[in-house]
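Q: For chain A, the structure is supplied; the task is to place chains B, C, D and E on it using the hints.
Residue numbers (our numbering), protein chains in the order written: chain A, 1 to 419; chain B, 1 to 299; chain C, 1 to 326; chain D, 1 to 251; chain E, 1 to 238.
Source of the hints: derived by calculation from the structure; they are not laboratory data. C-beta atoms are modelled at their ideal positions from N, C-alpha and C, and glycine is treated no differently. Treat the hints with care, as some may be off.
Result set (BS3-like, lysine-lysine): computed pairs, CA atoms no more than 30 Å apart in a straight line [as the list claims (entries may be wrong)]:
{"id": "1", "chain 1": "A", "residue 1": "Lys287", "chain 2": "B", "residue 2": "Lys140"}
{"id": "2", "chain 1": "C", "residue 1": "Lys32", "chain 2": "A", "residue 2": "Lys347"}
{"id": "3", "chain 1": "B", "residue 1": "Lys140", "chain 2": "A", "residue 2": "Lys179"}
{"id": "4", "chain 1": "E", "residue 1": "Lys119", "chain 2": "B", "residue 2": "Lys176"}
{"id": "5", "chain 1": "A", "residue 1": "Lys317", "chain 2": "A", "residue 2": "Lys67"}
{"id": "6", "chain 1": "A", "residue 1": "Lys348", "chain 2": "C", "residue 2": "Lys32"}
{"id": "7", "chain 1": "A", "residue 1": "Lys283", "chain 2": "A", "residue 2": "Lys220"}
{"id": "8", "chain 1": "B", "residue 1": "Lys176", "chain 2": "E", "residue 2": "Lys108"}
{"id": "9", "chain 1": "B", "residue 1": "Lys140", "chain 2": "A", "residue 2": "Lys283"}
{"id": "10", "chain 1": "C", "residue 1": "Lys113", "chain 2": "B", "residue 2": "Lys297"}
{"id": "11", "chain 1": "B", "residue 1": "Lys140", "chain 2": "A", "residue 2": "Lys237"}
{"id": "12", "chain 1": "C", "residue 1": "Lys32", "chain 2": "A", "residue 2": "Lys36"}
{"id": "13", "chain 1": "A", "residue 1": "Lys176", "chain 2": "A", "residue 2": "Lys287"}
{"id": "14", "chain 1": "E", "residue 1": "Lys213", "chain 2": "D", "residue 2": "Lys213"}
{"id": "15", "chain 1": "B", "residue 1": "Lys290", "chain 2": "C", "residue 2": "Lys113"}
{"id": "16", "chain 1": "B", "residue 1": "Lys176", "chain 2": "E", "residue 2": "Lys107"}
Not close to chain A: a few residues of chain B, all C-beta gaps over 12 Å, as computed [to be verified]:
{"id": "17", "residue": "Leu68"}
{"id": "18", "residue": "Ser71"}
{"id": "19", "residue": "Val98"}
{"id": "20", "residue": "Val186"}
{"id": "21", "residue": "Gly199"}
{"id": "22", "residue": "Leu255"}
{"id": "23", "residue": "Pro291"}
Simulated coverage check for chain C against chain D, where a stretch passes if three residues somewhere in it have a Cβ under 8 Å from a Cβ of chain D [unchecked claim]:
{"id": "24", "stretch": "173 to 185"}
{"id": "25", "stretch": "197 to 210"}
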Amino acid sequence: MARKRVDLDRRTVLKGAAAGAAATIFAPNIVAAQSKVVRIGMPTILSGRVAQLGTSSRNAVQMEVEKINAAGGLAGRQIEMVIRDSKGQPQEAARVSRELVNSDGCEILLDAEASSGSFAVQEVAKDLGVLVMHTNSETSSLTADPKIRIPLAFRSCRQGIHDAVASGAYAAEIAKAKKLNRWGTCSPDYAYGRDNTQLFVEYLKHFYPQAEVTTEAWPKLFQPDYTEVITRVLQSKPQALYSALWGGDLTSWVDQANIYALFSQMEVFAINMADYTALTAVKNLPKGIHSATRYIKTYPATKANAEWGDAYRARFKEYPTNWSWENWVGINFIAEAAKKANSADGKKIAEAMRGLKIDCPFGTDGTVTMRADDQTVIGYAIGWGTTIPQEPYVPEVKGATWDTILQLEAEWKKRNNYT
Amino acid sequence: MNLAALTDCLTSASCLVTQTTSGLIIGMLLFLVAAGLTLIFGVLKVVNFTHGSFYMLGAYLALTVNGLTDSYFLAVLAAAAGVGLFALVFERFFMSKVYGSNVLMQLLVCYAFILILDDAVKIIWGPEFKSMGMATVFQKPPLFIAGGIVPVFYLFLIIVTLILSLVLWLIITRTKFGTVVRAAAVNPSMVSALGINTGLVYSGVFVLGGMLAGLAGGLAAPVRSLTAGMGFSILIESFIVTVIGGMGSIAGALLGSIMIGLVRSFGSIGFPLFVEGLMFLLMAIILILKPSGLLGKEG
Amino acid sequence: MMATRPNLVRDVAIAAVALIILLLLPYVWPSKMVNDLIIRVSAFALFATSLNLLVGYTGMVSFGHGMFFGFGAYAFGLSMQRLGVSIPMAFLITVVSSALLGLVVGAISIRLKDIYFSFITLAFQMLLYSTVIAWVPLTGGDQGLMGGIPRPPFLGIDLSIEAHRYAFAVTIMVIGLLILRQIVESPFGYTLRMIRDNSERATFLGINVFRAKLTAFVIAGVFGAIGGMVMALFVSGAYPEFVNWTMSGEGIFMIMLGGLSTFVGPAAGALILSLLNDVITRGTEHHGLFLGAVILLFALGLRKGVTDFVADWFRLRREASSRSGS
Amino acid sequence: MLEVKGLFKSFGGVAAISDVNIDFPTGSLTAIIGPNGAGKSTFFNLISGGLTPDAGSVTFNGTNLVGRSRAQIIDAGIGRAFQVARIFPTLTVEESLLGAVTAHRRRAQNITHRFPLPEMRDRMLEVADMLGLTEKLGVTSANLSHGDQKLLDIALALVLDPKVLLLDEPTAGMGPDERWRMIERVHELWECEKLTLIFIEHDMDIVFKIAPKISVLCYGRLLAEGTPDQIRTNPAVIEAYLGTSHEEAAV
Amino acid sequence: MSTSPIVRVAGLDVFYGKSQILFDVGLELKQGQTLALLGRNGAGKSATMKAIAGVAPPRRGTVEVAGTNVAGRPPHVIARTGIGFVPEDRQIFPEHTVEENLEIGAKKGPNGQDEWSLKRVFEVFPLLEPLRYRMGGRLSGGEQQMLAIARTLMGNPVVLLLDEPSEGLAPIVVARIGELLKTLRKTGATTLIAEQNMHFCLGVADDAVVIDKGAIVYRDTISGLKANEEVRRRYLAM
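Pulled out of the complex, with its shape left as it was, chain A reads as follows (with noise of 0.2 Å):
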């Protein structure tokens, strides 16, 4: 079956290739604002490692566009998305924005990608003044830090800060509860890893003076072997451990780390655990671990989520990632806002996107509101609980108080000079 699948994809890709070469370099001026349709530019991470992340983006997206187009598009335009892989690579992710604007027309970009390719799409966006989505990157500078923020830029996911809060503010809890005084850390030695560590470890410490970090271990990205960092983990003895591996490395660091015993040894906190990729990949799952939610059917507790969860899993046959809903939050503003503006134009969009609630299965209360002064997302569900072998996999999970993140997270940008 698979086999077809990919007869048929060589043969479209063919077709598109050479059709996608012709109208590059023969007609370069497309003039698409007169045209009836509205294109949106997707870059995103189609293939390469973390392939699963841009295929479920652009997964969840198309289920979107679907019933926006079938409810009459952007102010009566229907919207086709125009898809592009950047390989996961900034520079390609810059290339192919730029190439989606410039030749293919499109008006509004959604970005889907990575951090790193975030902020490249960001300096396009600025260039080109169009409006950007971004709808994957959680490094908290690219809409607080004023000096990288524009006006044409939002963001329709997760941040570091909100995490963080609510993560120190649940661990605090446990700790407080079991006496975890004794910390240690587990984190990939890159910007992601190295910020969330550093603002858990800061929000672990405010809810509970008494924790401190006794061992850190940095492995690197994708490593593959880690051993080394676990013995290490292991000698030090720490009473609780966090980690903010992710992915195929989590998987891998939770095999290894189980074949040493060390779930039965301290309490682990892993943020990136309870996300259906990790969870249904690691085949003997230790019981207990604790974890933030990053998409998970059991919360938010609604109809909404779960019928969510299953339309997409009937569809692609597959579970829906972290990337997929928050790709869900980024074509849902652009909707509501161009419904609201009644225009497809990007400057009328942002204008009415700015301090939109709109509703949403995902958010803490059923809606996420796009904040206006700095243009990012809130309100969507964050939680933490501890995980089970199986289905559901987090049975319960708990809820994070969002007046407790945003008191936090005024004071980290008061201290950071973001306002």
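A: This is chains B, C, D and E only, laid out in the frame that chain A set:
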């Protein structure tokens, strides 16, 4: 840098046991991949950049066979056999066409296969990362030796790889095939003049090297996440190992692997933020002192 | 019969014509996509041609040349972001620092022969890559230099304007290639060829092979870094991918694709590979499969670079005409 | 005068050259002969800096050359050509010779001018003319005939203005006519350039015809020295070359 | 003794790069015959041997072994037709023991002959037996020469090609090798010996061909050659 922690570790039996076994396990799995790489280079003078992809293929084949038969041992055997077969096809129909031509052409053929295999794996097994799961035999609590923690599975892996190294050593030194292979590495034209088809010897070496890589992939599969592109980091580490040991020297590869394993395990105690750098540093120092590697021949 | 050798005047004239054509192109063919393509190709052309100074002219197969491309991008980006200097000053800093890097890496690597040289250059590149990824406060780690590279105007040139950026990139490329051309056609260029052909014999002519190789390595490093700088200006950032091994792999492929026996081969290869990449990624997410197949076709089928075919064709034609003439 | 005294060199414990003492007066022409493996090429390598002796001295006009770099030995005036022509296959004859002149005049690192520097031409043309390569200047070295490659190899040594020229089997692998042409050139060279010439040769007809003095090496030792007539009748030399008579007797 | 030749070489032209080394070389070897190929250094003896063995294939010409033309085939194919080649510089595998060197050469002959074993080799070459575990690289020149011959014999060749077996060896050792070849000759071996040392061939060979400047210039019995002062002086002596 944390030298105090390192001295503490070196004087504590439990830490020594844990870190030494962890160093050995890192090293021995690396050795299986590096041994094939160095063997192929030694005999054919070809750098097989696809060796990491062989390892990846081994892991995926093991995953599939494990899923079908639920037997880790069959899975490992199938990985070795399957990759050996693939190596044969690769050598006969592609690599052998660029022997004796520009090194860059050989590099390009390998580069092409790295790209193709990564995509092929994604098409066949899907883009998401996979995990094979531990065989029930090894789902046991780790052993505690002198206070140090030694997982049962790793003990098994160390023993198996040691046995494999021994078998490899016996093949190379005690069998006619091995004797011919060593001779072909030194003087292929004389070997040919004695009536031996060197082309077949080359294929044999490629197959043996491929089987080792496949075996390593299969053996490690329960503790690795399987994903397209997983071969590359192992390839780079194998290069470091073979260069340290001397290109073409299997004993050198063993020495290099164990050194790298120990540098990683003890380095992570003493220099937790510089483990990677430590490996490169070790390589640079060794190459500066001995430009052809520890056991390499002066070229 | 003396072979006619290209003289400086002729090369300058060709460069001037090429530059004028490139500068006029946006007026004749106003496509932003073509502009973007040419800017990227400018960066890669400098990168590939400088690599060919090592591989093609000196016979030093470096697997780590991407190190300089990435280093140039970061050195330039960081000078602009952190030091707030002018663009010419940042350019100077980039050139000097990459020369120093070339000197240190070269002094260690050149002692090694053949495949060992290749690997140690690759190792240095991977070390730099690891450093870039891990040194988050300076480099931004995997996210690259964030927030864009400032592009303050200088000498009436404002690189935040696309047209200026385009003109700047092609001018740098043409001048850079002209300088590299001068180097390979200088006495030093012929010293390098002699080392490539027979370095043992070269020492018996009194040539200091180590010194010549080191000089070549530093020069190649500097021009590789300038290529990286052009790329950093274009994407307004610097990314770890620039320092990754794939960059070196692509550089080698550009050389092979374009042909390493002609001076413009690598630049032609840069153009072809960029086009190929754009077309393939546009059409499929399985670009590894397609690019791999193209590379295989090339390596097992053509076995020669595109400009090699052109050069052969010219030679055959010349020989045929001289034969019929005599 | 080039004086070799007490020269020793061994490889892995096997002596390749042991206790060789030979003087080469200025302007002399000497042939070195000896069976295969006698150490003739090693001897040349030791004089020209290709190898460093284990013991002994090589003195040229009063200065000891042992331990000097190749470049210094070249500057002192020792030039050599090789048994298998060592040339630059992708360069033309002209380019190779010009490159050698450039290197010799310390302009190898020059990047500001175009190759070739005009002042290098005369010497190149002079040497090309001397060795009869003028017609072949534009030919790529790899495409030269075997004999011309050997001539180019000698020319590469000659452009460096040597005072002593070492030729390792200048006629190796040549056809009969080519061989004599080559040796005539070599002889002419010796006469015109006032060189001290030392050459290794297997062809005894040639050796006896042109060499006023012959040194015979055998198993790394100097077996005999003398005029052609002395060598021809030396019993030790005959034995070394033709085998002992007892083999014949044993039949 | 059969009269039809086992090896018939005709019209060999060999080039190294652009220069022609052999011109129309031809020779024949009959069963049980020992033929000496004599000539001075560089006359083309090795080139002839290598062309027959396929190590340096000829550009033109035929090499018939038992009626089949093998010119241009890979060396191992030619070796399997029964051509046993002992190269000039012996090419012992230096880091293999004597026994391993022999083992590499071991194979059955083209018609399944399996006369040579380690045991038989050590009978014929008693000097090698005590050296059996010594590394090839640590043997003396004479020992290496014996090993090289023995190694080729292990492959049960129909014809033995010996390229300058006496070269670089001390006279006493040369004598020993000579004795050995005589022993082999008595066993009915067919051998082509390239030599510059005529005296060495006198008791060993039946017939001789003289090669000079890449062409065969003289053919006779070995005793005929010995008697021909003129030819000897012209092509072989100093």
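Q: Over 12 Å to the closest beta carbon of chain A is the bar; see if B/Val98 clears it.
A: Holds, because the least Cβ-Cβ distance between B/Val98 and chain A comes to about 27 Å, which exceeds 12 Å.
Q: For A/Lys317 and A/Lys67, compute the direct alpha-carbon distance and say whether it is at most 30 Å.
A: Roughly 20 Å separates the two Cα atoms, so the pair holds.
Q: Need the status of pair A/Lys348, C/Lys32: alpha-carbon distance at most 30 Å?
A: holds, 25 Å
Q: Hint check: C/Lys113 vs B/Lys297, CA-CA at most 30 Å. Holds or violated?
A: Between C/Lys113 and B/Lys297 the Cα gap is close to 12 Å, so the pair holds against 30 Å.
Q: Closest CB-CB distance from B/Leu255 to chain A, is it above 12 Å?
A: Holds, since 19 Å exceeds 12 Å.
Q: Taking only the CA atoms, is the gap from B/Lys140 to A/Lys237 under or equal to 30 Å?
A: holds, 21 Å
Q: Against the 30 Å threshold, does the CA-CA distance of E/Lys213 and D/Lys213 hold or violate the hint?
A: holds, 26 Å
Q: For the pair supplied as a hint, B/Lys176 and E/Lys107, confirm whether the alpha-carbon distance does not exceed 30 Å.
A: holds, 11 Å
Q: When you check the alpha-carbon spacing of C/Lys32 and A/Lys347, does it fall within 30 Å?
A: Holds. C/Lys32 to A/Lys347 sits at ~22 Å (cutoff 30 Å).
Q: Take the C-alpha atoms of B/Lys176 and E/Lys108, compute the straight-line distance between them, and say whether it is at most 30 Å.
A: Within the cut-off at roughly 15 Å; holds.
Q: Beyond 12 Å from every Cβ of chain A: is that where the Cβ of B/Gly199 lies?
A: holds, 33 Å
Q: Below or equal to 30 Å on CA atoms is what counts here, so check A/Lys287 against B/Lys140.
A: Given pair A/Lys287, B/Lys140 holds - Cα atoms ~16 Å apart, limit 30 Å.
In the structure shown, no violation is registered for any of the earlier numbered hints.
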